Amino acid sequence: MKIAKIIALILLIGFVGIQFVPTDLNQSDTVPKTDFMLVNDVPNDIKNKLQVSCYDCHSNNTQYRWYNKVQPVAWFLEDHIKEGKAELNFNEWDSLSNRRKASKLRSIIKQIESNEMPLGSYTLIHKEARFSEEEKEEILNWVTQLKDSITN
Amino acid sequence: MNKLKVVFGIVAIAFVTLTAVSCKDAKTDKNDSTENHSEMNADGDHSKMNHDNSDGDHDGEKKEMKMNGNGTSQAVLNDYFNLKDALVADDNAKAKNLGGVLAKSLKAFDTSKYSGDKQGELKDIIEDATEHAEHISESDITHQREHFKVLSKDMTDMVAITGTSMKIYEQFCPMYDNNKGGAWLSMNEEIRNPYFGAKMLKCGKVQREIN
Chain A
0 MKIAKIIALI
10 LLIGFVGIQF
20 VPTDLNQSDT
30 VPKTDFMLVN
40 DVPNDIKNKL
50 QVSCYDCHSN
60 NTQYRWYNKV
70 QPVAWFLEDH
80 IKEGKAELNF
90 NEWDSLSNRR
100 KASKLRSIIK
110 QIESNEMPLG
120 SYTLIHKEAR
130 FSEEEKEEIL
140 NWVTQLKDSI
150 TN
Chain B
0 MNKLKVVFGI
10 VAIAFVTLTA
20 VSCKDAKTDK
30 NDSTENHSEM
40 NADGDHSKMN
50 HDNSDGDHDG
60 EKKEMKMNGN
70 GTSQAVLNDY
80 FNLKDALVAD
90 DNAKAKNLGG
100 VLAKSLKAFD
110 TSKYSGDKQG
120 ELKDIIEDAT
130 EHAEHISESD
140 ITHQREHFKV
150 LSKDMTDMVA
160 ITGTSMKIYE
170 QFCPMYDNNK
180 GGAWLSMNEE
190 IRNPYFGAKM
200 LKCGKVQREI
210 N
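Residue numbers (numbering that gives the first Met the number 0), protein chains in the order written: chain A, 0 to 151; chain B, 0 to 210.
What the hints contain is simulated information worked out from the structure, not anything from laboratory work.
What you are looking at is a predicted structure, and each value in this text was computed from that prediction instead of being measured.
Glycine included, every Cβ here is placed at the ideal spot set by N, Cα and C.
Hints may be right or wrong, so weigh each one.
[To be verified] Under 7 Å between C-beta atoms, here's a sample of chain A residues computed to sit facing chain B:
#1 Lys4
#2 Ser96
#3 Arg98
#4 Lys109
#5 Gln110
Same shape as in the complex, but just chain B:
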């Protein structure tokens, strides 16, 4: 009788072990699917955002924005500016979300219309920027800002190749990163510091105007 119990117990444990092991894989699958899901959400937000932006444009451009909004350097820049605003607002969660959105638009960026050398450099920039955007999507705000500094350099180099129809200000805060300084791009001339947020909202100056 007792023996039977022991045998039963062993079988039960073996079963539990196997289930636990197979659960390991199932769990990753589940994670993947939730990830996809949130990506889909981000995508939804994204297209909405582009619509919003195109609303402000002239009618003629509206169609083009709709058709080319995704996969252009303009889409990347828009997402970068949104991310910057989240950092200005010290909003870690929002910056995470927008980092993910930016990573997606970077991956969607179609470089095929650029010629040889430029295309190579753009691909390099995009690969680098994507990694920083992905890190931003999963880090605390200190890390987000570290990555944002290098990301901003990537964006500046990207604009130097792609050009832009917008007027953009390259701004600089000399105090960030142990006084090594940090630059960023903005659509507004007024300084709103993404590296310090509320702590030093207006620290910085316009370093260069693009366009």
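If we strip away everything but chain A, and leave its shape as in the complex, we get:
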């Protein structure tokens, strides 16, 4: 009994302790001119969907919830965002050449088609980030159109 108490106390202290380890938050006030939404004519519903489902990890601005700032969740998130932005940053869209844009759009299509994006670990909590079958089809059609307009 006593041992259980001690262990609980120790865990609590450890948990409090790691809260003091600093993390870099992915936040920015400005949306650069190169942003995907600014250079493309994106229909509103698709705009919303991309913002909610993709921009948290694929832009310079994450909409954090309170629990995202709690360790060890914040560490886990930090890694994800770093990886996500390295792969694709919607904020820097227009700095890519047409060849690279077409490549990225192809990857976006493949990832959404095969349900690899948005990530399962993300939609588990962010239920609103999930794509319904109709939404998926709508987005895929639109992105395919955009891709074709670039490659032709």
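Given the structure of chain A, go ahead and fit chain B onto it with the hints provided.
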């Protein structure tokens, strides 16, 4: 006495926490160093490969290959063909490895001898191709083939600018990618399909001959 134990326990946990946190960074460092290590290995393989290739060449060219083997479009093409063969053989692990080798030779490709416009386009092609090669170096075979399709387009565009002394066949399988089709380059006229491997080894046709 008991108090002492609790205090001791807390100190121990604090210590463990700190170690765990500092381990996080140490771990990434370690990963980096192993990565470098394998890259070095790949590099070793690579230079060996170039030697092998140059063995088949005329004596006069041998020296040039040795000097210019790395950093030329020919080195890139050779690595691309090796990667293609791994996909034909359905060899995921080998394709991973060769994707990494190709990414390295793409990065080493020296475009400075090409003029303005061409250089710009080549750099663009290389950047795109490098990303696909890097993805190939860490994906399952389905993904590898998806990236290989776009990579093949990049290679075709590269050859259109750089030219090549080899005879190359542009081949096409109409069934890949939900019947949208996929093209690739090969040194041999005979079809060996990198998109389906053993499943449909001979599916495809020669679409164009380069040189």
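Hint check results:
no.	hint	verdict
1	Lys4	9 Å, violated
2	Ser96	5 Å, holds
3	Arg98	5 Å, holds
4	Lys109	6 Å, holds
5	Gln110	10 Å, violated
Of the numbered hints stated above, those contradicted by the structure are hints 1, 5, listed in ascending order.
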